[in-house]
Structure formats: C-alpha cells, structure tokens
Amino acid sequence: MGEKDQGKTYRKYEEIEHPSDIGLRFRGDSLEELFANAGVGMFSLIIDIGSVETIRDMDIRLSSESSSYEDLLILWLEKLLYYFEVEHMAFSRIRVKKVEKSGISAVLYGEKIDSKRHSILDSIKAPTYSMLSISRDPGSRTWEGTIIFDV
Amino acid sequence: MIQDGDEEMNDYRIRQINSYKWEVEMDASRGMRVPGIIFSDQELLEHARRENTISQVANVATLPGIVKASFAMPDIHFGYGFPIGGVAAFDPEDGGVISPGGVGFDISCGVRALRSNLSLEDTKDDMENIMSIISYSVPRGLGGKGSTHLSVKDLERILSGGVKHAMKMGYGMAGDEGFIEDNGRMEGADPAYVSQTAKKRGSGQLGTLGSGNHFLEIQAVDEVYDEDAADAFGLFKGQIIIMVHSGSRGLGHQVCSDYIKVMQKASDRYKIHISDRQLAAAPLDSPEGKRYYGAMACAANFAMANRHCLAHRVRQALEKHMGSSAEKLGLYTLYDISHNIARWEIHEVNGSKKRLCVHRKGATRAFGPGGSHLPQGYMHIGQPVIIPGDMGTYSFILAGTEMAMTQSFGSTCHGAGRMMSRTRAKKTINGSQLKLDLERKKGIVVVADSLKGLAEEAPQAYKDIESVVNISTMAGLSRKVARLRPLGVIKG
Numbered sequence: 001m002g003e004k005d006q007g008k009t010y011r012k013y014e015e016i017e018h019p020s021d022i023g024l025r026f027r028g029d030s031l032e033e034l035f036a037n038a039g040v041g042m043f044s045l046i047i048d049i050g051s052v053e054t055i056r057d058m059d060i061r062l063s064s065e066s067s068s069y070e071d072l073l074i075l076w077l078e079k080l081l082y083y084f085e086v087e088h089m090a091f092s093r094i095r096v097k098k099v100e101k102s103g104i105s106a107v108l109y110g111e112k113i114d115s116k117r118h119s120i121l122d123s124i125k126a127p128t129y130s131m132l133s134i135s136r137d138p139g140s141r142t143w144e145g146t147i148i149f150d151v
Numbered sequence: 001m002i003q004d005g006d007e008e009m010n011d012y013r014i015r016q017i018n019s020y021k022w023e024v025e026m027d028a029s030r031g032m033r034v035p036g037i038i039f040s041d042q043e044l045l046e047h048a049r050r051e052n053t054i055s056q057v058a059n060v061a062t063l064p065g066i067v068k069a070s071f072a073m074p075d076i077h078f079g080y081g082f083p084i085g086g087v088a089a090f091d092p093e094d095g096g097v098i099s100p101g102g103v104g105f106d107i108s109c110g111v112r113a114l115r116s117n118l119s120l121e122d123t124k125d126d127m128e129n130i131m132s133i134i135s136y137s138v139p140r141g142l143g144g145k146g147s148t149h150l151s152v153k154d155l156e157r158i159l160s161g162g163v164k165h166a167m168k169m170g171y172g173m174a175g176d177e178g179f180i181e182d183n184g185r186m187e188g189a190d191p192a193y194v195s196q197t198a199k200k201r202g203s204g205q206l207g208t209l210g211s212g213n214h215f216l217e218i219q220a221v222d223e224v225y226d227e228d229a230a231d232a233f234g235l236f237k238g239q240i241i242i243m244v245h246s247g248s249r250g251l252g253h254q255v256c257s258d259y260i261k262v263m264q265k266a267s268d269r270y271k272i273h274i275s276d277r278q279l280a281a282a283p284l285d286s287p288e289g290k291r292y293y294g295a296m297a298c299a300a301n302f303a304m305a306n307r308h309c310l311a312h313r314v315r316q317a318l319e320k321h322m323g324s325s326a327e328k329l330g331l332y333t334l335y336d337i338s339h340n341i342a343r344w345e346i347h348e349v350n351g352s353k354k355r356l357c358v359h360r361k362g363a364t365r366a367f368g369p370g371g372s373h374l375p376q377g378y379m380h381i382g383q384p385v386i387i388p389g390d391m392g393t394y395s396f397i398l399a400g401t402e403m404a405m406t407q408s409f410g411s412t413c414h415g416a417g418r419m420m421s422r423t424r425a426k427k428t429i430n431g432s433q434l435k436l437d438l439e440r441k442k443g444i445v446v447v448a449d450s451l452k453g454l455a456e457e458a459p460q461a462y463k464d465i466e467s468v469v470n471i472s473t474m475a476g477l478s479r480k481v482a483r484l485r486p487l488g489v490i491k492g
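Quick note, the sequences are listed as chains P and W, same order. Here this note's numbering is used: the first residue of the first sequence is 1, the next is one more, and so on. Here this note's numbering is used: the first residue of the second sequence is 1, the next is one more, and so on.
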C-alpha cells in the first residue's frame, strides 16, 4: 500500500507493520505536505481511497496549545477521524495551507461515505503516541513521520 | 529458547517460579518499584520477549504506588504503555496513580453472553436465515446507520446511569442488570468530565458493534468441563449461546485520547517519570486523576449500555424469526464483563484489606466464590469469565477462583492475543478464501462487510485460545466451565 507521486523519489505514505495494530509512514517536501500526506494516508487505511471522489471541499482551521509538531499531528488526525465518524466524510485529497506549532489550516476534498460505493477497510479508534515521530532528513531535506493507530 | 532458572532476556532478568509463572526481577536502576509477574508457558513468554513486551511489563512497574507486582496474563502482547494482558493495582495512600494507558482506547471493551433454551437441533439448517435476520438488525461498521441516535439528555443519562437508563428507554428484559458487572452502572461517573467531542462521537453509536476484533456470534456449547458450574450458569451441552464482543465505541476512544493529553501535563506537574507517553498518569487523589475516573466510568456505562442494546436487537430478531418471546426462548443474560477497565476494589495485601485501583488492560476480573457482588445463584461458583475466541475458533466460559485473588488481584486472561500483525495477515491471507474455508470446512456462517478486515481477524493471526485458557487454568487464575463453538459470526 502507499502512493508515489509523479516526480518524487519517495512514497507519500505507506502502511507499516505493528504487532497488534497498524502503523503509517508518511513523507513530504514541506511540513504542509507532510501533514496532508499523513491525513490522506490515514484515510487510505480506513477506506478504499481510490473510490473517494473530491466532490466536496471543506475549509478547516485548527488552533492548539501544542508544544510540538507531533502533538499537533495527533490533534489533526483526531479531527479528521471526527469528520469520518460524526459527519461520515472521507477525504482523498488534502491541501494544507499552513502548519505552525500553534495550529494548522487546510482544505479537505472528499465526499460523504456511501456504503454502496465505498468499502471500509479498518475503523481506526485513535492515533497514538507510540512510535510517534516527525523528522527531517538532513541530506534530502525531506520530512518524514511515523504513527501507530489503534484499530 | 529460555532455559529453566535464571536467564537474561532483553537485558531483563527473568526467573522461572513454576511451570506457568515467571518473575521479571525488580531492577531499581530502571526505576522499577516492584517485580513483574508473567503467567505464561515458555512458548508464549518467548513470543512476548520477541515483541519486546517484557519492557512494557517493566515500565508499568515504575509507576508510583504500584502494589505487589506488574502482572501479565497468558495472552500478553504488545500494547501502548501497558502491555495487553496487563494488570496493576495502585494504592492511593502510597501516591498510587491512575493511567488511561492502563485501560486502553476502547474503555470497557467487553463481552455479553446470553444463554437460551434452544439446542443445536432447533437451529440446524436454519443458521443462514438466523444470521441474515440478525445481521439486518444489528448496525456495525461505520457508526450511525441504524443505531439509536440519542438526545443530549438521554446520552447524559446513559453516561451516568448505564444499563439502568437503557432499561428505562425500553431496552432489555427485567432482571438483566443483576447479571452485569456493577449491575450495569459503574459508580463515580460524571458526564461533566466527558468532552463535547467524545459525546458527539458517541451520540450516534449506541447499539453499534464496531469493527476490529469485535463480533457477534451464535455459538453452541461444545464441551462442559465442570457440571456444577455449568448448572449454576444455566449451561448444557448442545445449547445455543449468543455472544456480543464490543465496547464504548468512539465515545470511549475519545475519552482516552482526551485524557492522555491531560495526563501528560499531569505527569510533569506531579513529577511522575514516565518512560512511554502512553503511560502518562496522575495520582488517584489529584483533580486530574478524579476527572479521568469520572469520564472513564461514563465510557464504561456507555459500553455496558451498548452491549445491552446490541443484545436487545438480537433478542428482537430471534423473537421475530422463531415466532416466540425472548422469555420462552430463555434468552437470559448469562453475564456481561469488561476487559479494559480500572476500578476500585478491596484486596488483601500483607494481611490487611486495602482499597486499590486495579487496572485491567486486556484482562478479565475473575473473582472467586463468595463475592457479594455476584448473582445469588453464582455465589458458590465464582464470577463467570467470558473469553471471546478469535473468529472461527472456540470461545470459553470460565469461573473465577480463590487463587486468582491472591495471585493476580482476581484477574485472568481475556482472549487469544494476536500472533501475526494485521499488515501481514492482509498480505498473506485471502479474505474470500478464508470466508469459504470457514463456511465449507467448519460450517460457520460468516457475515463480514470487509474481506480485508476479515483477513486481519483470521484464526491463524491469533494465538491458540485453548492453550491461553489452559495456562490460565493451570496457573490457577480461573477454571474451565464450558467451551463454545461458533455457528454464525457477524464481524464488525
């Protein structure tokens, strides 16, 4: 699983193995790309992402008292999970406009889940702090993160 | 392989105490306050070592106020903060803490079993129809559709009143509450401590199964090991049993997410050194500790009410299909237990009775005979323990023992425990082939929304449940009453 962007040497996101749950590794040229790929990557674990059309868009802005990008990532993914569970929305494209430790603003593109067209793969209970990391490769300058989801 | 006697594993010294009990020796240099005790055989211990779960047992032993030991049940495997299968008791008079990581994301995940007057003969050749009508009545995968959408008022009342309020809303049969832990209502619940986000996630999810390892099964009693206990629990060979494995859904998941953040700040404030962020904790008598307990109890009430509503829908479906009332079909609650919970309990420590907060994360309470909290008819037997097997394999009914009270704060295993990762299971197991195999070779009717999800829960991805149950029995933590064989499975 995972998606490789044209012109990029890395996968934007990929599933990683965990003894009891599911992990995700995600990358981006900027923090904005990194957070967008983490979000779409999480949806790729939940739903057959190729079947999610980008017919609706939603502007979101999330402010936080986070002291780190890792903490912000947890809040961000919890928010996306909330849209999935409560609003029954799935997103296959995310454009993150700005990431700061104090918050994130983004546009989410997707649609309401339709059980006739969409197949649910795993329901994620929560993003966890286990193995949570965000770092930047000093050579390639690519951002990379890992997270484990409780399923 | 681990040899008998002393052996170093992952730098932890592990000493064999007897065939099914191992001690992770206390190492003060790692901050351990007590030793670790693992109930296991050599093979399962070796698996835990390879997964690096021993370090999680040791990490729990560093938490303030921990009493006796950091325990792990035979189905031990790698979790977050606490190992799954972990049991730890904390003393408030010794700075004892409460940790959301010791309960887990699915607060009060547990099992409800209903017995019946039906036997294999009554359902023969009819399982496909039975499963199809139940599957139509029970909402599962994505929360919302078909569930009971609760008003703000009713949600608050479910959170504080649990099954008692669900009964008032018309769910269940008279007398059900007597066969649920805490009579279906955990004390100390305060909805004010549950966030709006958690409430919104829960409001559309009462009476939904959820996914992952959650299931609803129709089973048959396949083997009776203990006639007296089986009589007391109303079980007989060939009997049809209904088992519901589910938890507190998005509401509980969000309570855990919310309070891990609160506890990380609290750990700093109270200078609790934690080696893993998921182990964040606060003293039991601190404002943060009390708020978490109040919110966790709300999630437990929601979980018990959720299983209650699911059981209600199964009863309704069977009533309709069989053309008879639930009373006539004998669809009474055998018992309802949680295997992810922290609760206040009285335990004997060094000859005196102490009020402790016992965390069970993927472990089941297994109190011995005589407990006043037990239904009258079960009192001479001990608490029923329901062990849900993985899909397509046996489940078990056990009974608590006196020995469990002294060995593990009255706790035993909760299930098989994973052996293979979900990622590997999806890659190596074909969901549609698995469904076919279960149906053709084992004669089990399988209803699943996702074939990939089905593959993740394949029997070969789990440890052998019989060996986990046997080790729990030989270690004295519980005794076997009956084995249940699945006839029909609805996987969430």
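No lab work stands behind these hints: they were computed from the structure. Glycine included, every Cβ here is placed at the ideal spot set by N, Cα and C. Heads up, a few of these hints could be off.
Stated by the list, open to error - Chain W stretches covered by chain P per the calculated footprint, using a threshold of three residues with CB under 8 Å from any CB of chain P:
hint: 1; segment: 31-42
hint: 2; segment: 174-180
hint: 3; segment: 209-219
hint: 4; segment: 286-296
hint: 5; segment: 300-310
Said to hold, decoys possible - Below, in silico cross-link-like pairs of lysine-lysine (DSBU-like), each with a Cα-Cα straight-line distance of 35 Å or less:
hint: 6; chain 1: W; residue 1: Lys320; chain 2: W; residue 2: Lys261
hint: 7; chain 1: W; residue 1: Lys320; chain 2: P; residue 2: Lys79
hint: 8; chain 1: W; residue 1: Lys290; chain 2: W; residue 2: Lys237
hint: 9; chain 1: W; residue 1: Lys320; chain 2: P; residue 2: Lys112
hint: 10; chain 1: W; residue 1: Lys261; chain 2: P; residue 2: Lys112
hint: 11; chain 1: W; residue 1: Lys124; chain 2: P; residue 2: Lys79
hint: 12; chain 1: W; residue 1: Lys168; chain 2: W; residue 2: Lys290
hint: 13; chain 1: P; residue 1: Lys98; chain 2: W; residue 2: Lys124
hint: 14; chain 1: W; residue 1: Lys441; chain 2: P; residue 2: Lys79
hint: 15; chain 1: W; residue 1: Lys320; chain 2: W; residue 2: Lys265
hint: 16; chain 1: W; residue 1: Lys164; chain 2: P; residue 2: Lys101
hint: 17; chain 1: W; residue 1: Lys68; chain 2: W; residue 2: Lys153
hint: 18; chain 1: W; residue 1: Lys237; chain 2: W; residue 2: Lys200
hint: 19; chain 1: W; residue 1: Lys153; chain 2: P; residue 2: Lys112
hint: 20; chain 1: W; residue 1: Lys441; chain 2: P; residue 2: Lys116
hint: 21; chain 1: W; residue 1: Lys200; chain 2: W; residue 2: Lys153
hint: 22; chain 1: P; residue 1: Lys116; chain 2: W; residue 2: Lys153
hint: 23; chain 1: W; residue 1: Lys452; chain 2: P; residue 2: Lys116
hint: 24; chain 1: W; residue 1: Lys354; chain 2: P; residue 2: Lys116
hint: 25; chain 1: P; residue 1: Lys79; chain 2: W; residue 2: Lys442
hint: 26; chain 1: W; residue 1: Lys265; chain 2: P; residue 2: Lys116
hint: 27; chain 1: W; residue 1: Lys452; chain 2: P; residue 2: Lys8
hint: 28; chain 1: P; residue 1: Lys98; chain 2: W; residue 2: Lys200
hint: 29; chain 1: W; residue 1: Lys68; chain 2: W; residue 2: Lys427
hint: 30; chain 1: P; residue 1: Lys116; chain 2: W; residue 2: Lys353
hint: 31; chain 1: W; residue 1: Lys442; chain 2: P; residue 2: Lys97
hint: 32; chain 1: W; residue 1: Lys261; chain 2: P; residue 2: Lys97
hint: 33; chain 1: W; residue 1: Lys353; chain 2: P; residue 2: Lys112
hint: 34; chain 1: P; residue 1: Lys101; chain 2: W; residue 2: Lys354
hint: 35; chain 1: P; residue 1: Lys101; chain 2: W; residue 2: Lys353
hint: 36; chain 1: P; residue 1: Lys112; chain 2: W; residue 2: Lys354
hint: 37; chain 1: P; residue 1: Lys79; chain 2: W; residue 2: Lys353
Claimed, not checked - Ranges between beta-carbon positions, derived for each pair:
hint: 38; chain 1: W; residue 1: Ala192; chain 2: P; residue 2: Asp29; range: 53 to 59 Å
hint: 39; chain 1: W; residue 1: Asp126; chain 2: P; residue 2: Glu65; range: 28 to 34 Å
hint: 40; chain 1: W; residue 1: Ala192; chain 2: P; residue 2: Ile60; range: 37 to 43 Å
Which numbered hints does this structure break? 1, 2, 4, 5, 6, 7, 8, 11, 13, 14, 15, 16, 17, 18, 24, 25, 26, 29, 30, 31, 33, 34, 35, 36, 37, 38, 39, 40
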